[in-house]
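**Q** Turn these sequences into a full structure, and let the hints steer you where they fit.
Chains as they are written, first to last, in the numbering used here: chain Z, 1 to 405; chain Y, 1 to 296; chain W, 1 to 199.
Be a bit skeptical, because a hint or two may be false.
To be clear about the criterion: a stretch of chain W counts as covered by chain Y if any three or more of its residues have a C-beta under 8 Å from a C-beta of chain Y, and this derived list gives those stretches [stated by the list, open to error]: (1) 119 to 126; (2) 139 to 153.
Below 27 Å or equal to it, Euclidean Cα-Cα: the simulated DSSO-like pairs (lysine-lysine) are [stated by the list, open to error]: (3) Y/Lys-184 with W/Lys-115; (4) Z/Lys-351 with Y/Lys-247; (5) Z/Lys-321 with Z/Lys-277.
Note that these hints are calculated values from the structure, not bench results. Cβ atoms here follow ideal geometry from the backbone N, Cα and C, with glycine treated the same way.
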Amino acid sequence: MRVDILQKIEGEAFLRYRFKKGRIEHVKIEFPHYRGVEEIMRGRPAEDAVAIAPRVCGICGHSHLIAAAEALENAAGVTPPLKARYIRNVTLGCELIQNHIKWLYLVILPLLKRMGFREVPFFEAIDKSATAGKIIAIFGGQYPHTSYAVLGGVCSDPTLLEIQKAKLFAKEIEDFFHSEVMEEIERFSEFKDSRGILKEIYIFLKHKELLDIGRAHDRFLNLREGTKILGLKRVSAKLRYVSTAPSGIGYAKNALYKGKYFEVGPLARRIHTPFVKDLHRRYKDGLFTRIAARVYEIKILLSQLKETLKKIEPQGDSFVKTDSLAEGTGEAVVEAPRGSLIHRVKIKKGKIERYEIITPTQFNLSNGTSLNPGPAQKAVIGLRDRSEAELVFRSFDICSVCTTH
Amino acid sequence: MKTKALWLQGVSCNGNSHSFLNYEGLRELLSKVEFLYHPLLPSRLRIEDLADFTEDIDILVIEGAIKKEGFLRGKKEFFRLFQKLKKKAKYIVAVGNCASFGGVFKEYEADLTGVGYSKGEKIADFENLINVPGCPAHPEWIGSVLSLLCEGCEPELDELSRPAEIYSYTVHAGCLRNEYFEWKVDSATFGSKEGCLFYQQGCQAPYTGGNCNKILWNGVSSKTRAGMPCIGCTEPGFPSRDLFKTKTYMGIPARMPKGVPKRAYLTLTGVAKSFKIDRLNNPLMPKGPGCEKEES
Amino acid sequence: MSKPTKKEQRKIEIMDTALRLFSKEGFFAVTIADIAKELNMSVGNLYNYFSSKEALAKELIFYISKILGTKIREINMMDIKTKEKIEKIVEVYFNTAIERPELIDYFLRVYLSHKEIFKEGCEGMICVSPFVTEIMIFFEEGVRNSELRDQDFFTAFGLFMGYLGGMVYLKGEGMLPNDLKFYTRSISENIYRALKSED
Ligand code: SF4
Ligand code: SF4
Numbered sequence: 001m002r003v004d005i006l007q008k009i010e011g012e013a014f015l016r017y018r019f020k021k022g023r024i025e026h027v028k029i030e031f032p033h034y035r036g037v038e039e040i041m042r043g044r045p046a047e048d049a050v051a052i053a054p055r056v057c058g059i060c061g062h063s064h065l066i067a068a069a070e071a072l073e074n075a076a077g078v079t080p081p082l083k084a085r086y087i088r089n090v091t092l093g094c095e096l097i098q099n100h101i102k103w104l105y106l107v108i109l110p111l112l113k114r115m116g117f118r119e120v121p122f123f124e125a126i127d128k129s130a131t132a133g134k135i136i137a138i139f140g141g142q143y144p145h146t147s148y149a150v151l152g153g154v155c156s157d158p159t160l161l162e163i164q165k166a167k168l169f170a171k172e173i174e175d176f177f178h179s180e181v182m183e184e185i186e187r188f189s190e191f192k193d194s195r196g197i198l199k200e201i202y203i204f205l206k207h208k209e210l211l212d213i214g215r216a217h218d219r220f221l222n223l224r225e226g227t228k229i230l231g232l233k234r235v236s237a238k239l240r241y242v243s244t245a246p247s248g249i250g251y252a253k254n255a256l257y258k259g260k261y262f263e264v265g266p267l268a269r270r271i272h273t274p275f276v277k278d279l280h281r282r283y284k285d286g287l288f289t290r291i292a293a294r295v296y297e298i299k300i301l302l303s304q305l306k307e308t309l310k311k312i313e314p315q316g317d318s319f320v321k322t323d324s325l326a327e328g329t330g331e332a333v334v335e336a337p338r339g340s341l342i343h344r345v346k347i348k349k350g351k352i353e354r355y356e357i358i359t360p361t362q363f364n365l366s367n368g369t370s371l372n373p374g375p376a377q378k379a380v381i382g383l384r385d386r387s388e389a390e391l392v393f394r395s396f397d398i399c400s401v402c403t404t405h
Numbered sequence: 001m002k003t004k005a006l007w008l009q010g011v012s013c014n015g016n017s018h019s020f021l022n023y024e025g026l027r028e029l030l031s032k033v034e035f036l037y038h039p040l041l042p043s044r045l046r047i048e049d050l051a052d053f054t055e056d057i058d059i060l061v062i063e064g065a066i067k068k069e070g071f072l073r074g075k076k077e078f079f080r081l082f083q084k085l086k087k088k089a090k091y092i093v094a095v096g097n098c099a100s101f102g103g104v105f106k107e108y109e110a111d112l113t114g115v116g117y118s119k120g121e122k123i124a125d126f127e128n129l130i131n132v133p134g135c136p137a138h139p140e141w142i143g144s145v146l147s148l149l150c151e152g153c154e155p156e157l158d159e160l161s162r163p164a165e166i167y168s169y170t171v172h173a174g175c176l177r178n179e180y181f182e183w184k185v186d187s188a189t190f191g192s193k194e195g196c197l198f199y200q201q202g203c204q205a206p207y208t209g210g211n212c213n214k215i216l217w218n219g220v221s222s223k224t225r226a227g228m229p230c231i232g233c234t235e236p237g238f239p240s241r242d243l244f245k246t247k248t249y250m251g252i253p254a255r256m257p258k259g260v261p262k263r264a265y266l267t268l269t270g271v272a273k274s275f276k277i278d279r280l281n282n283p284l285m286p287k288g289p290g291c292e293k294e295e296s
Numbered sequence: 001m002s003k004p005t006k007k008e009q010r011k012i013e014i015m016d017t018a019l020r021l022f023s024k025e026g027f028f029a030v031t032i033a034d035i036a037k038e039l040n041m042s043v044g045n046l047y048n049y050f051s052s053k054e055a056l057a058k059e060l061i062f063y064i065s066k067i068l069g070t071k072i073r074e075i076n077m078m079d080i081k082t083k084e085k086i087e088k089i090v091e092v093y094f095n096t097a098i099e100r101p102e103l104i105d106y107f108l109r110v111y112l113s114h115k116e117i118f119k120e121g122c123e124g125m126i127c128v129s130p131f132v133t134e135i136m137i138f139f140e141e142g143v144r145n146s147e148l149r150d151q152d153f154f155t156a157f158g159l160f161m162g163y164l165g166g167m168v169y170l171k172g173e174g175m176l177p178n179d180l181k182f183y184t185r186s187i188s189e190n191i192y193r194a195l196k197s198e199d
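**A** Set out below in structure tokens:
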């Protein structure tokens with residue numbers, strides 16, 4: 001058995017490989033850290049959930065914030081005003097954007113460089129991910145770790161000029177993205193007449209014959225939308241069928257839907273777009289499709305960001321007051337950078353009695369058996385090279401701190 | 001020669017690492033400092049290399065709480081690595097509330113501590129420790145302290161080993177709601193530009209150290225400017241409970257602004273409340289319909 | 001506290017005299033000239049101290065509330081139970097009403113009954129702040145020590161002060177068969193019972 005440390009994934013994970021005839025037969029994934037976030041929630045006043053939740057994770061804490069606020073709202077039977085929902089969409093989208101940019105420039109490109117890809121400086125990219133943080137700060141006060149989304153809406157009441165500033169920031173990110181990462185294209189067509197980092201990655205992986213390694217189960221969940229995708233067919237999916245089970249190793253629990261392993265994340269969310277569909281037709285749910293879906297999602301998010309910013313009107317309320325939340329159970333699902341993120345809460349006498357968090361990496365990196373492997377496990381079976389396996393793992397964009405929380 | 005720094009994580013969420021990436025001077029700083037290991041940035045060492053690492057370093061950055069047992073970094077106990085590295089380091093910079101005082105995960109595991117403090121209590125005597133608490137620490141706090149150390153300069157520290165230049169301000173100073181605080185006009189609900197959050201929504205800024213409202217977050221705003229109460233994340237008591245409600249005794253805030261005697265505060269409050277300042281009790285500005293027309 | 005200057009002492013004399021006269025003759029019947037005459041000083045000189053009767057009226061209320069505030073402050077500083085503090089406050093209030101009835105009289109019959117005089121310059125708490133601040137501190141500490149029930153400040157304040165004022169009023173109207181001091185105990189007990197925390 002070979003044990004590798006998968007690192008710089010918001011913490012680490014151990015990969016315990018079993019090889020057979022030089023090929024990976026099975027891999028166990030161990031997450032060694034546990035911080036007890038669900039326990040910390042217990043006994044606290046319900047409203048505090050939005051302050052604790054972001055501390056699950058430094059890179060996707062905002063998704064945890066929105067999930068916590070919505071779980072409380074679900075428990076209270078409250079719908080926040082439209083304006084608050086728009087604003088939350090804006091800030092959540094920005095978190096995804098900064099995540100994807102960092103993932104591309106700090107995770108994928110350095111790894112590709114080890115495999116022979118050219119050196120790509122990351123400063124400008126990091127600067128643009130920080131710009132996404134600026135947009136969040138306009139509405140939420142700071143990034144990371146604001147708790148501006150509270151039971152009943154958001155704390156801020158942005159002015160027209162602030163929204164204007166956010167638009168300018170969004171444009172800066174967009175310009176960078178289209179000039180450096182990928183041009184505005186709607187179809188794959190092997191990036192004909194277009195340029196950018198993503199195309200370079202395509203050529204590089206094609207040359208190495210790695211485009212279609214890393215295939216998982218080809219079944220997906222987009223729980224926010226309420227769908228599962230089987231063979232490109234979208235059928236409705238219900239949150240109540242999501243369950244967790246002990247993984248038998250480390251602190252992580254497996255996450256399953258009706259007892260089966262599913263992939264979540266940008267590929268699940270964007271598989272119906274022409275661009276990703278083209279890729280899927282060729283390379284199925286393989287390495288490049290997964291990488292490209294995440295990169296392409298930045299483009300989609302940026303255009304949604306522009307649209308949503310236009311919809312925020314200074315008129316209208318950011319917040320509705322709720323009578324103190326005394327009893328109830330609630331759940332919420334948010335599409336976080338890495339996929340569907342679920343928060344469940346039970347409140348008794350105004351205090352949190354139970355809190356449960358199920359994160360996307362729990363779905364993607366579930367520990368199954370060699371006969372019934374989790375998505376990422378499945379994706380590396382048969383590979384010979386451990387750095388290729390690492391690349392496949394990282395294409396899922398793994399988050400260690402989230403997984404065990 | 002570049003300053004040699006090493007960024008090691010205890011029990012953390014990575015928030016400070018990510019906050020640091022927002023530092024405006026990152027490029028310049030990285031031309032002066034080499035991170036031998038950093039949890040996000042490319043680095044010469046891998047996490048497993050720290051086990052056999054013996055070189056001297058200039059700055060050891062610790063993010064996250066200290067846990068004595070059962071917490072691995074690479075295949076080694078974190079605490080062993082920490083013990084070894086701290087002896088090799090000229091300076092130890094504890095970034096974030098976790099590394100400074102124990103932080104949020106101490107709520108689950110009471111044994112967790114900061115590098116030199118457990119909550120506000122000193123547990124180790126470090127001459128070379130600089131605490132940069134916050135949850136997370138502001139990127140500029142981390143960046144400028146590191147860059148100062150690079151030049152062989154040390155910041156003045158306060159009684160909690162924090163750079164006094166940063167933490168002598170209260171977060172309250174510079175908040176756009178200061179006028180409402182002065183005249184005791186509270187914010188009736190969240191989601192409004194008007195009113196101060198000290199009286200009902202739990203704002204801890206008047207007794208929380210930090211220059212958030214001086215240098216602003218992400219260069220654009222701050223929690224309190226955006227209508228979110230300060231939750232006191234730079235102080236040893238973080239996180240307290242009931243963060244969105246002001247604890248009061250018969251309507252009087254349980255905690256006074258830093259250094260202000262209760263009598264003085266109440267006298268001023270009584271006087272301020274006696275006047276109703278129309279401007280502060282009306283909407284700050286008219287709210288127009290936005291840019292709908294532009295679209296059609 | 002530093003010793004009052006000559007001028008301040010003179011001011012206090014004027015205020016004490018005014019309070020006595022107001023209490024005897026009624027606030028509106030007494031003029032500045034009457035007060036000056038009583039003090040053997042010229043009207044012009046008196047105007048050096050108070051620019052008008054209204055100015056005097058406002059300073060008086062501040063003066064009274066400082067006297068009461070100082071006494072309650074002493075009680076607040078004592079290391080005793082809230083229940084005992086209540087009794088001491090009641091005592092202070094009644095003693096003042098007995099020994100210097102003109103103070104309480106002025107408070108009840110002039111300040112509370114003729115707000116129009118105090119409209120400008122004595123808004124809200126301003127002129128009574130030394131007294132109210134101490135009462136606030138008394139309440140705050142009682143709740144902090146879990147001796148008193150947490151509630152709105154004014155509901156508690158009204159209960160406490162309204163009660164005491166009412167008793168002094170009844171006494172003034174000649175309706176009480178006994179001396180005020182006779183009631184201190186049971187009134188303190190009533191106030192404590194009404195305000196104490198449930199457990
Ligand atoms: S101080 Fe806050 S941001 Fe930093 S590691 Fe701890 S929880 Fe995360
Ligand atoms: S909201 Fe907080 S920081 Fe702002 S003025 Fe009020 S107390 Fe100060």
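**Q** Are any of the numbered hints broken by this structure? If so, which, sorted upward?
**A** 5
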